[in-house]
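Q: Sequence:
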Amino acid sequence: MLSGGPDERSFEHTVGEKCAQEWSPRSETANIYRFWQYPLQEVFQSFTIIGLYAYQHSAFMHICLLFLNLPAMLETMKIISIINGKGGVAKTTSAVNLAAIFGEKQKVLLVDADPQSSASWWTERGDVPFDVVHETNPTVLRKLRNVKSYDIVMIDTPPNLGTVLLDAVISVSDFVILPTQVAPMDMTMALKTAREIIAPRGVSYNVLLTRVDPRSMGEAIATQKALIGAGIPTFKTIVRAYKAHERTALTGMPITKYSGPYQSEAESDYRRIADEVIHG
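FYI, the numbering for the sequence shown is 1 to 280, going by our numbering.
One thing to keep in mind: the hints can contain errors.
To be verified - With a straight-line Cα cutoff of 27 angstroms, these simulated DSS-like cross-link-like pairs (lysine-lysine) come out:
| # | residue 1 | residue 2 |
| --- | --- | --- |
| 1 | K148 | K78 |
| 2 | K78 | K143 |
| 3 | K257 | K105 |
| 4 | K78 | K105 |
| 5 | K78 | K236 |
| 6 | K148 | K105 |
| 7 | K148 | K192 |
| 8 | K225 | K192 |
| 9 | K78 | K192 |
| 10 | K143 | K107 |
| 11 | K107 | K148 |
| 12 | K107 | K257 |
| 13 | K78 | K257 |
| 14 | K105 | K236 |
Unchecked claim - Here are the simulated distance ranges between beta carbons:
| # | residue 1 | residue 2 | range |
| --- | --- | --- | --- |
| 15 | A222 | K148 | 41 to 49 angstroms |
| 16 | P261 | S149 | 33 to 41 angstroms |
| 17 | G202 | V133 | 23 to 31 angstroms |
| 18 | A226 | G280 | 16 to 24 angstroms |
| 19 | S204 | N160 | 34 to 42 angstroms |
| 20 | G218 | V133 | 36 to 44 angstroms |
| 21 | E246 | R272 | 15 to 23 angstroms |
Worth flagging that the hints you see were computed from the coordinates, not collected in a lab.
The beta carbon of each residue, even a glycine, is placed where N, CA and C say it ideally should be.
When you get a sec, could you build the whole thing from the sequences and use the hints?
A: Laid out in structure tokens, this is it:
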């Protein structure tokens, strides 16, 4: 991840001043020379070449806006948290398996923010394609944006709403996965979490229906349609309940490395979810 340091702020300030001036052909050479006095010149070179031909004020202003937005454009690390105020809804299962799938092609950090350390217990006994850290200090969690060596940070959270820890996690999240079973009590807690905790903070989220009996998909599909009809963001994929998920936890591996019965079905659910997270 590239973060805004002193050099980039200096560059941004200079471009901001430049945008306040009228672009004219007579000042092109001097202006381009000044641009090259600042860092990241290779990244910005193509924009500057375009600027040579942008004689119209409106066109150059558009280029200026691109420059001013570059810090956000250059920040590539994404933080995905998995949250629900109720336990037993496959938060840790989802965190470990998605981290494993993302970890096949990207550098991934799984943050175990649950005091019960479920994700740490799961992964410490096996070989997983991602890094794991147990951290429950809200002050530290709020600084996750300072992490520079990962493409994706996954956060597994405890089943407690209204805590300082949860507030810290949501404050740094780009996207929240809200897993829930389809039982009325579970759905009530999921909707409470979405409406009272996540949505007011303006963080994007999707409800994920989990632990669904493959023999009773009709109820889950009806619930899914009801959620979508009510305007609640919901994953198209439903996580089916297989013994494979329980056995992977016991053996310390993600579903991608399990070789028992129904492994391919269980894995395919989480691969589809990972694809939805990336591509929508």
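Q: Go ahead and decide if the range 33 to 41 angstroms is satisfied by the Cβ distance of P261 to S149.
A: At roughly 38 angstroms between Cβ atoms, S149 and P261 fall inside 33 to 41 angstroms, so the hint holds.
Q: With the threshold set at 27 angstroms, check whether the alpha-carbon distance from K148 to K78 stays at or below it.
A: 11 angstroms, holds
Q: Quick one: are G218 and V133 within 36 to 44 angstroms, going by C-beta?
A: 41 angstroms, holds
Q: Keeping to a limit of 27 angstroms between CA atoms, is the pair of K78 and K236 held or broken?
A: Between K78 and K236 the Cα gap is close to 21 angstroms, so the pair holds against 27 angstroms.
Q: Going straight from one Cα to the other, do K78 and K192 come out at no more than 27 angstroms?
A: Answer holds: K78 to K192 is near 25 angstroms, not above 27 angstroms.
Q: Just to be sure I understand the hint, the distance between the Cβ atoms of S204 and N160 should be within 34 to 42 angstroms; is that true here?
A: 22 angstroms, violated
Q: Please work out if K148 and K192 have their alpha carbons no farther apart than 27 angstroms.
A: Measuring from Cα to Cα gives roughly 34 angstroms; hence the hint is violated.
Q: Has the hinted range 16 to 24 angstroms been met by the Cβ atoms of A226 and G280?
A: 21 angstroms, holds
Q: Given the hint that K107 pairs with K148, does the C-alpha gap stay at or below 27 angstroms?
A: 11 angstroms, holds
Q: Is the Cα-Cα distance between K225 and K192 27 angstroms or less?
A: 18 angstroms, holds
Q: Quickly compare the C-alpha distance for K143 and K107 to 27 angstroms and report which way the hint goes.
A: This hinted pair holds, its Cα atoms lying about 18 angstroms apart.
Q: For the pair supplied as a hint, K107 and K257, is the alpha-carbon distance within the 27 angstroms limit?
A: Holds, because 18 angstroms separates the two Cα atoms, which is no more than 27 angstroms.
Checked against the numbered hints given earlier, this structure breaks hints 7, 19; the rest are met.
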